[in-house]
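Asker: Take these sequences, add in the hints, and give me the full structure.
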Amino acid sequence: MDNYIKDRKVDSNEWMPFTGLEDGDSLPTGDIYVPLEEWLNARETLLTRNGRLGVALRNTDDPAIIKDDLERLDLVVLEFPKMADGRAFTQARLLRERYGFKGEIRATGDVLYDQLFYMQRCGMNGFELRDDQNASNSLKAFDEMTVTYQPASDEELPLWRRNK
Amino acid sequence: MYQYSEQDHQLLLERVSQFRGQVARRLKGELSEEEFKHQRLRNGLYLQLHAYMLRVAIPYGLLSSEQMRTLAHIARKYDKGYGHFSTRQNIQYNWPKLEDVPDILDDLAKVEMHAIQTSGNCIRNTTSDPLAGVARDEIEDPRPYCELIRQWSTFHPEFNFLPRKFKIAVSGATQDRAAVAVHDIGLRLVKSKTSEEIGFEVYVGGGLGRTPMLGKVIRAFLPKQDMLTYLEAILRVYNMLGRRDNIYKARIKILVHETGEEKFRELVEAEWEKIKAGGLYLKEEDFNWVKGFFNDPEYDILPDQDADFENLMLSNADFARWVDKNIELHKQSGYRIVYLSLKTAHQPPGDVTADQMDAIADLADKYSLGHIRTTHRQNLVLSDVQLKDLPALWGELKALDLATPNYNHVTDIISCPGLDYCALATARSIPISQAITARFDDYDFINDLGDVSINISGCINACGHHHVANIGILGVNKKGTEVYQLTLGGSAREDAAIGKIIGPAFEADEIVDAVSEVLSVYLENREDPEETFLTAYRRLGPALFKERLYG
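Going down the list, the protein sequences come from chains R and U. Counted from 1, the first sequence has number 11 at position 11 by the working numbering; the numbering is strictly sequential. Counted from 1, the second sequence has number 1502 at position 502 by the working numbering; the numbering is strictly sequential.
Derived from the structure by calculation, the hints contain no laboratory data. Heads up, some of the hints might be wrong.
Listed next, with one range per pair, are the computed distances between beta-carbon atoms [as the list claims (entries may be wrong)]:
id, chain 1, residue 1, chain 2, residue 2, range
1, R, 14, U, 1461, 46 to 52 angstroms
2, U, 1077, R, 155, 37 to 43 angstroms
3, U, 1441, R, 132, 55 to 61 angstroms
4, R, 9, U, 1365, 52 to 58 angstroms
If you're wondering where the values come from, they're calculated on a predicted model, not measured in any experiment. No residue lacks a Cβ here, since even glycine has one placed at the ideal position from N, Cα and C.
Answerer: So, in structure tokens, the structure goes:
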């Protein structure tokens, strides 16, 4: 089991992380995602492949760095090195709302039941849950709360104006 | 007062049921203590020295009598018969059992109350002026803005895991009764210099704790329509750039300090440019809607004098003292604002028993349109009392031990719970405040001293706000002994200042004498009785005080 949720369904993870790109001949096939530095160093080579491509950001990276590349990417991977580190919430909203990214925004690291609600509101739709989490039990976390006050990636207006 | 919509109610019900689930998962071991900690903290539940402590939010310090009765019920049923009003206008219960907490939250939800975001690294309960809507020096009522901030910040998905806790205060009057300069963000309602337009002066990066700092004005005038977009921009910059490597350097004040005020302002303004036209831009219809909840009550048209009141003032010195100290003028003729002093010799500062709470609720219904406010100096306010009712109200408050005539005077002490309750404390603070109260509990002396503040913290986290007291006391543990540092010259008002340590610390049995000496230096050196302690201290400087204390 991949312990992976995509668009609110337990799914299998087709993507492979890929690092240590040394020469173009050894590029793997299939869907891969690479660290931002690899992408910046070898963008053209990576684009010669047939498989889908993703980029993994550190949570200190400004997503603006890849804003012009987003049309060529199918996945952006964000990290939660620990649960309390919430920088990727901002990154996700910027990717979705400011730069209009349509592909998958995936949460990795300390991805736990109680954050899923907030993560989806910020535009994340792929979740690599931490090993000890149970993906099918976690699906209900998305609907524990149904009332949202403020605009985010899932709502353009605050609650007080939606009611009008 | 804001009235919950169906959706507000729905959200509270969902929240309680979510918390029940979290407690159940914790008890089954599916949630580690560390991970549960993050969840329970976002519901105001701390683990303290002897028990859990539950902090209940009182949005911008406003309570209905019905809510006060529920607070009394909780104190009686789930705690030891009392609650503690804090410097953030909230109430804390010191003895709840973990398994009872979901039931407590259910009881709170029935009266539109909760413990959401009263702790944890998220946006906390917004605090404000306890005299909002009734003060004579008000530019505009801050409560509608506080309510918009409450809604915007509740379960904000982007800002629920910030580097550190985040506190916002809003003041709408000329005098600052909300201590805006010592909050992560302070908003002061102001009129534009060039038009009649209302907006905000925006302070960022104030705070107490280990590194006390006053907020910097990063915008002198922000149109009110831009309030939430601007807050969102500040929080976004902080969420991305605030330090997460060191818990003691994680507050926004450190980011502002290390980035530099100018550069920080540029970052915020650049972010704001990109979101200022978004969904959080406030329209006239939004203000009209939210202001509708805070319309003036239908005040009676009354003269600003009353014969019975005048007579009692002349015939009863105790009544006259109480009126002189604990009554404030009201914007409406024939009405007065009444401070209920929670500072007596018989209870720790801010503590109220369940019976007192019920009685206060009854008094609010009888004399003050059913509303009660909490203050950041840990007192309560009845905001709409008719002048003619003051004699009767005074009689009832006296019987409840809530009429000590000491508001903003020397025995109106702010104190954190200290080592008697708190897991972080390094020294006791309640016994010190009680010893000071016992020493100076004489009306003539208190009256002669005039306006002066004493605040006590039991550790460097400074929950007792000692840095911004005229006379601040900080308890620390020095080689196994509790000793007390004295800080002079602070202020939490519109002339905000961080006090300075005057010299080496005093032992517990010396600190009251030291405070007494400080007060004597003031009394001996003031120009006249009109010169307050703070004004005199600022004129005299620390030398005289130092000399008296240390020779």
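Asker: All the hints need checking, so say for each whether the structure fits it.
Answerer: Right, here's what the structure says about each hint:
1. 14(R) with 1461(U): 46 to 52 angstroms: holds, 49 angstroms
2. 1077(U) with 155(R): 37 to 43 angstroms: This hint holds: roughly 38 angstroms between Cβ atoms.
3. 1441(U) with 132(R): 55 to 61 angstroms: holds, 58 angstroms
4. 9(R) with 1365(U): 52 to 58 angstroms: About 54 angstroms separates the Cβ atoms of residue 9(R) and residue 1365(U), which means 52 to 58 angstroms holds.
The structure shown violates none of the earlier numbered hints.
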